[in-house]
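Student: Plus 11 on top of the position in the sequence shown (first one is 1) and you've got our numbering.
No lab work stands behind these hints: they were computed from the structure. There may be inaccurate statements among the hints.
16 Å max Cα-Cα, derived EDC-like pairs, lysine to aspartate or glutamate [stated by the list, open to error]: (1) K134 - E155; (2) K109 - E55; (3) K98 - D112; (4) K143 - E155; (5) K140 - D126.
Since the model is a prediction, treat every value here as computed from it, not as a measurement.
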Amino acid sequence: MTETIYIETSIIGYLTARSTTNLIIAGNVEITRQWWQNRYDDFELYISQVVLDEVARGDAEIALRRLQILDGFPLVELNQAVRDLSKQFLLQSNLPPKASDDAVHIAAATVHGLDYLLTWNCKHIANAKIQKKLAQISANLGYELPVICTPYELLGD
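Between the sequences and the hints, there should be enough to build the whole structure, so can you do that?
Tutor: What follows is the structure, given as C-alpha cells:
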C-alpha cells in the first residue's frame with residue numbers, strides 16, 4: 012500500500028521559489044526540488060482548499076505556476092471534524108491564533124489519516140514542541156497525528 016502525504020503550502024512555495032543568496036533557503040529549495048524529482052511518485056499526494064487558496068496569493072505569475080503544479084491533486088475534505096480538530100489545536104496547544112491555516116493543514120492530514128504532512132514551516136508545523144502537544148490533543152480525540160517532516164527527511168537513499 013502506498014503511503015500518503017499532505018503537501019503543505021510551503022513545499023510548493025519552495026518548489027517555485029526564485030533564486031536567492033540566502034544559503035539556508037537555497038538549500039531548502041534544492042532539497043525540495045530533489046524530493047519532487049526523485050520521490051514524488053513514491054507517495055499518494057493530497058492537498059486541501061486551504062493550500063490552493065494560499066498558493067494563489069502573491070505574485071500573479073508565480074501563483075499561476077504554483078496552481079498549475081497542483082492542478083488535479085486530490086483534495087481532502089475540510090469537513091466538520093477537520094474544523095473541530097483545528098479549533099482544538101488552536102485552543103489547547105501553543106499554536107498562536109494567527110496560525111489558523113496551519114492548524115487546518117495539520118487537522119486535515121490528521122482527520123483523514125494521512126501518513127505524513129510535508130512542510131518547510133518549522134515555526135508552527137514541523138516544530139517539536141508544538142507537535143508534542145498536537146499529538147496529545149489528537150490522541151485524546153481519537154486521532155493519530157501524522158509524521159510531520161520536511162522533504163529532507165523523506166529523501167530516502
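Student: Now tell me, hint by hint, if it's right for this structure.
Tutor: How the hints compare with the structure:
Between K134 and E155, the direct Cα distance comes to roughly 21 Å. Violation of the 16 Å bound is thereby established for this hinted pair. Of the supplied pair hints, the one linking K109 and E55 is violated, its CA atoms being roughly 29 Å apart against a limit of 16 Å. The suggested pairing of K98 with D112 holds, with an alpha-carbon distance near 11 Å, which does not exceed 16 Å. Between K143 and E155 the CA atoms are separated by roughly 12 Å; this keeps the pair inside 16 Å, and the hint holds.
Pair hint K140 plus D126 does not hold up; C-alpha atoms about 20 Å apart against a cutoff of 16 Å.
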